[in-house]
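Trainee: What follows is the residue order along each chain.
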Amino acid sequence: MPILEHPAYPPATLLCLESLVPCRESQVSMLLSIFGERQQLSFPSIFIYGHTSSGKTYVMKTLLNTLQQLPHVFVNCVECFTSRLLLEEILIQLQNHSSETRRASPVPCDTFNDFVRLFKQALVLDRAEQLREMEANILPAFLRLQELTDRNVTVILLSEIVWEMFRPNTGCFEPFILYFPDYSIGHLQKILSQNHPPEYSADFYSAYINILLGVFYMVCRDLKELQHLAALNFSKYCEPVVRKEAKERDTRKLWKNIEPHLKKAMQTVYLREISSSQWERLQCEEGELGQIKGLSAHAHVELPYYSKFLLIAAYLASYNPVRTDKRFFLKHHGKIKKTNFMKKHEKTSNHLLGPKPFPLDRLLAILYSIVDNRVAPTANIFSQITSLVTLQLLSVVGNNDQLDGPRYKCTVSLDFIRAIARTVNFDIIKYLYDFL
Amino acid sequence: MSTRSLSKGCFVFKPSPKKRKVSRTTAYYFREGSSDLEDSELRFATCQSLQKQVKSETEQIEEELNEQLFDNLVSFLRRSHSAFQEKKTEWTCRTKSREIPTAALVLGVNVTDHDFTFRSLSEVLQNNVTPYIALLEAKDCPGIKNLMQKLLGQLMNCCIDVDSSEEEDYEHVSRSRVRCSMTTLINWYESATKRTDSETPGKKRTSSRHWQSPPVVVIFKDMESFTTKVLQDFVVISSQHIGEFPLVLIFGIATSPMIIHSLLPHSVSSLLCIELFQSLSCKDHLSTIIDKILLTTQFPLKLSEKVLQVLINIFLYHDFSVQNFIKGFQLCIVEHFHSNPLSVLCCQLEEAKRRVNSLSHNQCENVRRLPSFRRYVESQVSEKQIALLTVDSSLKEAVQKLLEDLNVYHENYFPILRCLHVFTSSLPKYPLGKQIRELHCACLENRVWETEEYESSLQLARMLNKSDLVTMLQKCVEILVSSPGREFDEIVEKLKEFLTQFQKLEEAYQERDESISPQKELQKKTNLYHLQKTLLELKESRRSKKLTKFEMLRFEVVDYIDSLVRHYLVPADHKTLHEIVYFNTASVLREHLNAAPRIALHTALNNPYSYLKAFSTVVTAAEGPTADAASSDQVDDVIHARFIRAVSELELLGFIKPSKQKTDHVARLTWGGC
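So the protein sequences, as listed, match chains Z and R. For the first sequence, full-length UniProt numbering begins at 1 and goes up steadily by one. For the second sequence, full-length UniProt numbering begins at 1 and goes up steadily by one.
Chain Z on its own, in the form it takes in the complex (with noise of 0.2 Å):
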């Protein structure tokens, strides 16, 4: 029993979209509704939202490519920078589907209103909320599109956010909004399991996909990447099937095999920590994960010994509290009250707050106090914490004012700074109010 029905479309096509685009079958129909027949007019705009692969892209792509009477142009709005770019993308688009035989070179176009006049039909445009940094009028302009062209065209904008996110404060008209849910475990389980590799049966199959959920559907809910794990580890399923030691049929068998595999995919390949040729080699070489190390096992960097002195006494002076500095590197700072020292709301709290800004000057005297031998406030000093910005280690705070001396923040976490000290024998951990 076909789910989707249109008097202006063949049933066969209407079948063959509703194979080609499972569990999103009501939103299409609800979309084919909204197009009519060729002669209608429909609604001038549509709003499509979902979170990342919910099949926003695909299911438009197919609609639209399968339904060969509805001429359309696809924009992918991360694409086209600048709303030149994006006009002209569409108007080029549109003069190949028009016309094969007049080959113009491309009309240049600036503004929408050039636009409006050299336009000639529905227009898809992909990631729409990069719109929303373009000029003030492209959005709201789109969405009247047809209004403002005199024709036929619906505009269908698909995006991650939802409405409200968008509409400008100027107001605009209101796109007819459609949502696709995420996909179900279930759903996800019927779509992956219907791209199954000729020489295995679909059953065998399925059951891997079932397994692979098991594994990563607490983690990841993204179809594409699901599907590019269930690639990429599939080999390693059919191995003992391959080998002979197991029939298709041993599911609990193949499950032992494959599910550690699984599990350290998860918190390698999935995470990017090595990359999915380096997966695949090791898969064939059989060897120990081991050999090759993520991206993470390299996270100590190198530094010259004044930068990390610099590093230190930047971390310090962005977690301590300025009035502190006394107690810290003073040698006969006085009596301090303990009491009076100690404020309750001060502290634990500097860690939680996150860094705050403090002047090179301030930076200077601290690594003047915690450096053994002396150091002279030499040039090569100055470029040190010039290259530590570059090195996004540190980071400059409104530096728009060139009387006051510039601000910084330490950017760099304890444990990172607790590394640099220990190489250089360094306690940080006493110097830190937070830790007292």
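Just so you know, not all the hints are guaranteed correct.
As the list claims (entries may be wrong) - Simulated coverage check for chain R against chain Z, where a stretch passes if three residues somewhere in it have a Cβ under 8 Å from a Cβ of chain Z:
no.	stretch
1	103-110
2	181-193
3	220-228
4	234-244
5	260-268
6	273-279
No wet-lab data here; the hints were simulated from the structure. Positions of the beta carbon are idealized from the N, C-alpha and C atoms, including for glycine.
Once you've looked at the hints, dock chain R against the given chain Z.
Mentor: Same frame as chain Z, now just chain R:
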């Protein structure tokens, strides 16, 4: 060219065409500064040739060091390229999402060196892999638009280069006309590869080096400085088209590869297929450079301990930059030839001997003034002394001989230093340092055998076990055999003799019967009194125990090494005429390389009079070369008035303020720019 402005700013001076025609400027300045004009032409020429030699040598070393890394990268490119050309019909290939092959190239924090690495990398790729390379820098790409512009500009430019048409023409084609989108790039790539495929056989030579449908390599030089948005957008856009043309990304990373995860969210990094490549650590790099450049007799110029220490300290404490180290060395060369008139003799021995003959009388006097030469003269008999001090020809003869001695000293010094390093580098806690450069510095500084560290190293060496000792001796033999020194035959003989003795000892051990050791007897005794007694006996016997044969031999070896050290590793400044080949004015170098702007500013501003003097110097220099007035102590009244006015204006603007301490006039100048 003068600027009159109170505020801080940048001024553009277009170079006047007149100045360009003066081509002999360097040589001219070189001569101008030196106090006397002794052989300045020759010195300049020597300096230049030495510079050139050092440059080519260092470049070659660096190429060798990078070879491994580049090989790995090329094989990575090859792998990912073959993956690109793979049949798309296979099931796994269809189902797998297409990732952009990405090489994460971790180069270390010495950012100044990266330029060189990237230049040679793109050269290697250009020669062997692909003509399509784009190098992107963060400062050129604040937005995705600029990035695409830059990318297209570089790629299309390189394809024009292949056509060997003039670049100048291209500049006239305004880039804004080109639509900066991925579609343009793909169309360009298709047409470019098609053209190279259908090229005439005559031109095929150039394209045959490259692969079939060569990949487009985009290098991000400084990954850390790119903004997240630009990178994300670029990756997302290019991943849309990865099926249409072979794109490979190379991320140049200075800190750690973790930066990829912090810059790119998972949804974007999952579009990449990242492999990690690590370059040699810059400390190893430096060791190689020092080993191959400074610890050889290849270059006539040597660095004294202090100078070397300054350069190494700048490296270790400040920048980790090998390029800067080499530049520092080059500065030493220039400074030495510039400031030392006798540096004319700092060249290969044969040439130096020839030059000695043509020394002028003034230069001979210069030689006589050298402290080391005076010491040498004092040690001679009186007739010889008179001859050396009065007759130029006998002086020249002596100098020739001394230069030869110096040369022999160096020829012996380095191999023996390496031998000593073999020993010291394997001792626990490294009393003389782990690196050979530390040992070298220690030897240059003073008599190394008089130091405590040396004493303790010898003591530790006397406790080495046999297998270690044998391998060390073998290493020493290898070093000495491969070095060109003339006196080593004897030493090698001696060392080999030691080795055979060790061999014999081993055989003797195996033959010897095992006697019952006193320890075994000990186990039998249970009585407390007896136990005490035997223990005491044991102690006695151990005190007076004779050394075993092995121990004797070990002492002998260590003593022999010690004698070698005492003979060959004499500090260079004990050698006569060392001033000619050793550059030792560390203070000059420090001034040049490790300037202290704050201290200079502070002293300048603390003292209003010096402030005024500086002001008047600047003003008169800017106004013209009629510098006669500037030399007089009296400051021109007009300038004085201008100064006072300028200072009060600066004060009004808030750039400086009086310190109110005593009478001085401290300023708070904008130190922010430092």
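Trainee: What are the numbers of the hints that this structure violates, sorted from low to high?
Mentor: Hints that this structure does not satisfy do not exist here, as all of them hold.
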